[in-house]
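Student: The chain contents come next:
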Amino acid sequence: MFDITIVQICDFIGTIAFAISGIRLASAKRFDLFGAYVVGLTTAIGGGTLRDLMLSRTPFWMESYSYLICSAIALVWVILFRKLLVRQNNTWFLFDTIGLALFTVTGIQKTLQAGFPIWTAIVLGTITGAGGGVFRDVFINEEPLIFRKEVYAMACIGGGIIYWLGTFMGLSEEISYPLCGVTVVLIRVLSIRLRLRLPILKGEDQA
Amino acid sequence: MFDITIVQICDFIGTIAFAISGIRLASAKRFDLFGAYVVGLTTAIGGGTLRDLMLSRTPFWMESYSYLICSAIALVWVILFRKLLVRQNNTWFLFDTIGLALFTVTGIQKTLQAGFPIWTAIVLGTITGAGGGVFRDVFINEEPLIFRKEVYAMACIGGGIIYWLGTFMGLSEEISYPLCGVTVVLIRVLSIRLRLRLPILKGEDQA
Amino acid sequence: MFDITIVQICDFIGTIAFAISGIRLASAKRFDLFGAYVVGLTTAIGGGTLRDLMLSRTPFWMESYSYLICSAIALVWVILFRKLLVRQNNTWFLFDTIGLALFTVTGIQKTLQAGFPIWTAIVLGTITGAGGGVFRDVFINEEPLIFRKEVYAMACIGGGIIYWLGTFMGLSEEISYPLCGVTVVLIRVLSIRLRLRLPILKGEDQA
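Order-wise, the sequence lines are chains A, B and C.
Quick note, the first sequence lines up with residues 1 to 207 if you use the UniProt record's numbering.
Quick note, the second sequence lines up with residues 1 to 207 if you use the UniProt record's numbering.
Quick note, the third sequence lines up with residues 1 to 207 if you use the UniProt record's numbering.
Worth flagging that the hints you see were computed from the coordinates, not collected in a lab.
Please read all numbers here as calculations on a predicted model, not as lab measurements.
Some hints here could point you the wrong way.
One copy or any two copies: either way a pair holds, since identical chains are not told apart in the list.
Computed cross-link-like contacts, DSS-like style, restricted to lysine-lysine with a CA-CA straight-line distance of at most 27 Å [said to hold, decoys possible]:
id: 1; residue 1: K29; residue 2: K83
id: 2; residue 1: K29; residue 2: K110
id: 3; residue 1: K202; residue 2: K149
id: 4; residue 1: K83; residue 2: K202
id: 5; residue 1: K110; residue 2: K202
id: 6; residue 1: K110; residue 2: K83
id: 7; residue 1: K149; residue 2: K29
id: 8; residue 1: K149; residue 2: K83
id: 9; residue 1: K29; residue 2: K202
Work out the full structure: start from the sequences and follow the hints.
Tutor: Shown next, in the form of structure tokens:
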């Protein structure tokens, strides 16, 4: 009972944080309220929707309207606290990271439940966590941020590998999944603190 | 029999009008004939295809080639009447709006038939009507028009809400669905006449 | 046994060649290693994944990790032989074309096996062959190359029509499928040699 509530709260917080990241970028492009809402919603549910389509499941948001409402809350929040959002950056970064961790774990869990091997689960866990941001950047017509700058998807992959090692070492799911989520958070936070980035792939015409 | 014919005619007209909007924008970007055809086809069938994937159905166009043919007619039309298209703007706007209304109604209908609640049906009805235009704009590498300027998707949502109110008030489907379609047309036409737009979401650095 | 091996070798070669085309374009945009890998992978598996979703099948790459590995090989290759890639252009063009032919044939085959008519199979065969390149160009934020310049998808369509004519004339599958693949290769190679292109669709404001 308590566990379910914690997971649900993380789910709401993560959804709102993801939606806010989409709405802020949409507002920088002067999208209208509808456009901003759709970009926010897609950032929040896009990754999980692609995962569900690949698993031949009904997209998760079609069965509970809480995701539509969380995105609406995010829109109202951005409208009300527009000037204060920059000051809230650390808070929303934290909530976004919690969402990333939870979505990755959920993606791995659902893929394994569907009977696929662990490497497929890591790929779909990463898509669940990081896919929404790619849809967001396609909609606002930018090169996807996670392909250029941020250690974001690598945190999901890292978490997935730790889960893999955990089960390999015989840890129970009750331990492996939280371990996976914590790893996602750690990699993401540390990479920001230490300004870690993946190397850029040099082009053919560059020295 | 008569009803089916009216719906089919609206379906053909709407498909051609949607395809023409895609082909015209593709030609402005100097796409070749194949590219223009694909952009036109995707504008026409993209929304319904995404809806069908989310409903775990076979995409509707895979079972009848009339949509491929309608898009080919649209391509030939644009090639033949290139210089006259501007003068035909009002006609194609009307046909496009008829298509928008029909596609929205179809989307709502199929989602309800699959057993989902009405709010899911309104979302998928809106995707059916307005989704193709988003694919079109992604292909021609522009920020989606319906996220920035036009009252387009809001017409679908408005129509969906009227359908909801209709069933809530006990109206039969034979009345609610046409009412939904008429609402879509009215909102779209009035918003253009009265130059209505949704407010732009102000960015964080704007006054 | 021998046949399977030939097909598998072509599958690996084609996957690596498709991935290299994505990775090279990603590196020109200064994507990081993860971004380049994802763009390469999507170029290689994107078309077949969309086909499988439309056929309500599990995406093919979720059941064998060879596609992830082929894309990793492609990434290592681009890193190691960066300066030499231009000199290898003809080789990779050939491998890419072999992949295009094989993917088209596979797409047609799987669609027919699922019970769809031949025109649906040609569309999905073309999506299998040419769809990955469209995802690639959306990710790197460019107008899709195959909509503007290259005779690429038309080679798939041409191969599909030859297959159609072949079965129409009573040829067995053992002959029609290779004939289809050879046609794809021939159209692609000849169109490059003879600098053939589809006509550009003139815009409304052009003479």
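Student: Evaluate each hint against the coordinates.
Tutor: Comparing the hints with the structure gives:
In this assembly of identical chains, the alpha carbons of K29 and K83 lie at most 27 Å apart only when taken from the same copy (17 Å versus 33 Å across copies). For the homomeric pair K29 and K110, neither the shortest alpha-carbon distance inside one copy (35 Å) nor that between copies (34 Å) is at most 27 Å. For a Cα distance limit of 27 Å, the shortest separation of K202 from K149 qualifies both inside one copy, at 14 Å, and across copies, at 26 Å. Taking CA atoms no more than 27 Å apart as the test, K83 paired with K202 passes between copies only; the shortest distance there is 10 Å, against 39 Å inside one copy.
In this assembly of identical chains, the alpha carbons of K110 and K202 never lie at most 27 Å apart, being 37 Å within a copy and 38 Å across copies at closest. Taking the closest pair of Cα atoms, K110 and K83 never come within 27 Å of each other, the shortest separation being 39 Å inside a single copy and 43 Å across copies. When the C-alpha separation of K149 and K29 is checked against a cutoff of 27 Å, the pair qualifies both within a copy, at 20 Å, and between copies, at 12 Å. Both within a single protomer and between protomers do K149 and K83 lie at most 27 Å apart by alpha-carbon distance, with minima of 26 Å and 24 Å respectively.
For the identical chains of this complex, K29 and K202 are inter-copy neighbours only, at 9 Å across copies versus 30 Å inside a copy, given an alpha-carbon limit of 27 Å.
Checked against the numbered hints given earlier, this structure breaks hints 2, 5 and 6; the rest are met.
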